[in-house]
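Protein sequences appear in the order of chains S and L. Letter 10 of the first sequence, counting from 1, is numbered 10 in the UniProt record's numbering, and no numbers are missing. Letter 217 of the second sequence, counting from 1, is numbered 217 in the UniProt record's numbering, and no numbers are missing.
For the record, the hints were derived by calculation from the structure and aren't laboratory data. All C-beta atoms in this analysis are idealised placements derived from N, C-alpha and C, irrespective of residue type, glycine included.
One side only, chain S facing chain L, incomplete, derived with CB under 10 Å:
#1 Gly17
#2 Ile18
#3 Glu39
#4 Leu40
#5 Leu45
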Amino acid sequence: MATDALDTVRKALATLGIPEQTVVATAKLRGDLELDSTELVEVSLEIQRSTGKEVKLELADDLTVSDVCELVDKAQPAAA
Amino acid sequence: MPTSTAIDSNRDRPRRAVVTGIGVVNPLGRDAETFWKAVQGRESAVGPVTRCEASGLPVRLAAEIDGFRPTNHNIPRRLAVKSDVFAHYAMAAADEALHDAGLDLERHDRFRTGICFGNNSGGWDLCERGFREYYEQSPAMINPWQATAWFPTAAQGFVSIRYGIRGYSKSVACDRASGGAALRYALRSIQWGHNDIVLAGGAEAPVTRLGLAAHVTTGELTRSQDPETAYAPFSAGRDGLVLGEGGTVLVMEEYEHARQRGARILGELLAVEQRTAAPDDHTGLSDAMTAALTAAGRHPGETDVVFAEGSGSVPGDATEAEALRTVFGTLRIPVTVPKSGYGHQYGANVATEVACALLAARDATLPPTPGTEEADPALGVDLVTSARSARVGLALVNGRSREGTNVAALVGAAD
Numbered sequence: 001m002a003t004d005a006l007d008t009v010r011k012a013l014a015t016l017g018i019p020e021q022t023v024v025a026t027a028k029l030r031g032d033l034e035l036d037s038t039e040l041v042e043v044s045l046e047i048q049r050s051t052g053k054e055v056k057l058e059l060a061d062d063l064t065v066s067d068v069c070e071l072v073d074k075a076q077p078a079a080a
Numbered sequence: 001m002p003t004s005t006a007i008d009s010n011r012d013r014p015r016r017a018v019v020t021g022i023g024v025v026n027p028l029g030r031d032a033e034t035f036w037k038a039v040q041g042r043e044s045a046v047g048p049v050t051r052c053e054a055s056g057l058p059v060r061l062a063a064e065i066d067g068f069r070p071t072n073h074n075i076p077r078r079l080a081v082k083s084d085v086f087a088h089y090a091m092a093a094a095d096e097a098l099h100d101a102g103l104d105l106e107r108h109d110r111f112r113t114g115i116c117f118g119n120n121s122g123g124w125d126l127c128e129r130g131f132r133e134y135y136e137q138s139p140a141m142i143n144p145w146q147a148t149a150w151f152p153t154a155a156q157g158f159v160s161i162r163y164g165i166r167g168y169s170k171s172v173a174c175d176r177a178s179g180g181a182a183l184r185y186a187l188r189s190i191q192w193g194h195n196d197i198v199l200a201g202g203a204e205a206p207v208t209r210l211g212l213a214a215h216v217t218t219g220e221l222t223r224s225q226d227p228e229t230a231y232a233p234f235s236a237g238r239d240g241l242v243l244g245e246g247g248t249v250l251v252m253e254e255y256e257h258a259r260q261r262g263a264r265i266l267g268e269l270l271a272v273e274q275r276t277a278a279p280d281d282h283t284g285l286s287d288a289m290t291a292a293l294t295a296a297g298r299h300p301g302e303t304d305v306v307f308a309e310g311s312g313s314v315p316g317d318a319t320e321a322e323a324l325r326t327v328f329g330t331l332r333i334p335v336t337v338p339k340s341g342y343g344h345q346y347g348a349n350v351a352t353e354v355a356c357a358l359l360a361a362r363d364a365t366l367p368p369t370p371g372t373e374e375a376d377p378a379l380g381v382d383l384v385t386s387a388r389s390a391r392v393g394l395a396l397v398n399g400r401s402r403e404g405t406n407v408a409a410l411v412g413a414a415d
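With the sequences and hints as input, model every part of the structure.
Below is the structure:
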C-alpha cells in the first residue's frame with residue numbers, strides 16, 4: 001500500500017468528518033466507518049479531485065481502506 | 001370495564017400543548033437569550049449583503065447571521081458536511097431547544113416524538129455548489145448531497161437523524177407562512193394524540209446569489225439601501241421586506257407529559273388556525289385570528305399584543321390592518337413586528353415570533369418594531385415602536401403568504 005495512496009484516502013475521508021485515527025488499513029468503509037452511499041460517492045469524487053483518477057466505490061463490495069488504496073494505485077487518470 | 005372507561009375519558013379530554021424549550025439561531029443572536037436581549041433593545045441586523053456577490057441585483061440588503069459554525073452548536077461534523085446551511089440552523093436551534101427544555105430524548109418514546117418544520121427556499125448554498133460542479137467541471141462531479149440536502153424537508157430529515165426521532169412529522173413549504181403552518185401541524189399532532197413531544201418551528205437560509213435573485217422576482221423585497229429604514233412595516237413609506245435567515249425551534253409537549261417530568265412550562269400554544277383567501281381579501285386573516293380565539297374560548301379584548309406579519313408592502317400591511325380592525329374593532333391592541341430587525345425568515349416565521357411572545361410574557365414587556373419610527377396614521381394601528389412594559393397573558397402571532405395563506409397562532413402565558 002503506497003503511502004501516497006493512503007494519504008489521499010485519509011484526506012478524502014477527513015473531508016467527510018471521519019476521525020483520522022479510525023482510518024486504518026483494515027477498516028471497512030461501510031462495516032467499520034459506517035459510510036453511507038452518498039459518502040462513498042463523495043470519497044470517489046474527492047479522490048478524483050486530488051489525483052485525477054477515477055475510482056468508483058459506491059457499487060463495490062464493502063472495501064477496506066487498504067483495498068481503496070490499491071484501486072487508487074492501479075487506476076488510470078480519468079478522461080477529461 | 002373500569003379500565004376502558006378511564007381510557008375513554010382520557011380520550012375525550014382535550015390534549016394541551018405547552019412550550020418547554022426555545023432554541024434560536026438568528027441574525028440578532030446565535031442563542032435565544034442573546035437574540036431576545038437584542039430584540040428588546042430595538043437592535044437591527046439589517047445590513048449590506050456580504051454572504052454573496054449582490055452586484056447586478058436590485059436588492060442590496062439582508063439580515064445575515066455572522067460567525068455561525070455548525071460544530072459550535074453540537075452538530076456532528078459528519079452531518080454538517082452533507083447538509084445545507086438551513087439544516088445547520090435547524091439542528092443548532094433544535095439542540096438549544098432540547099437543552100433549554102432539559103429533555104433527554106433517550107428517555108422518551110421516539111415514535112411519539114415528532115418534528116414539524118417550515119422551510120420555503122431549500123438549500124441554495126448547496127445547489128449553487130452543485131451548479132458550479134455541473135457547469136464548470138462535469139456532470140459526474142456533482143456532489144452526492146445535491147439530492148438529499150437541498151430540498152425543504154432536509155431540515156426535518158437531518159434533525160430526525162441527529163436525534164433518532166421517528167414520530168409523526170411534517171415539513172411545510174408555503175412561502176412566508178411556512179413556519180406558521182408547521183406550528184399548526186405540530187399542535188394538531190399533540191391534540192390528536194400522535195405525539196407527546198414535537199420539535200416545532202423552521203429554518204431558512206436564502207442569502208445566496210441565486211436565492212436573492214429568485215426572491216427579487218416575487219416583488220416582496222425592498223429596494224431600499226438604507227439599513228435603518230429599509231424594512232419599515234406599517235410606515236407610510238414602506239416598500240417591502242428584508243430577507244432574513246436563521247432557525248427557531250420550540251419544544252412543544254403535551255401538558256401532562258411536561259408536568260409529569262417536572263418540566264418548566266414557558267407558555268401554551270392555545271390554537272393555530274389557517275385560512276385561505278385572495279391576498280387582498282382581509283377576511284382570510286381576520287377569520288384565522290377569530291378562529292384561533294374561538295378555539296381557545298378567548299375574546300378579542302383579552303389579547304395583550306399582536307405580533308403582526310408586517311410584510312412591509314403597501315397592500316400587504318393595509319390588508320393586515322383591515323383584518324385587525326375587523327377582529328378588534330375600536331380596541332387599541334398593541335401591534336409589533338420585531339422581525340423588521342432580523343428580517344423575514346419565511347420558514348422560521350411565526351415560530352420566532354411565538355418565541356418572542358413567550359419571552360415577552362416571561363419578562364412583561366412588549367418588544368418594539370425597529371424599522372418603523374411612526375406608523376402610517378391611515379392604518380389605525382397602535383404600533384409598538386419602542387419597548388413597553390406590559391403584562392402579556394395572551395398574544396396573537398400572524399403569518400401570511402404572498403398568495404393568500406393566513407395563519408394565526410394564539411399563545412398563552414404559563415399558568
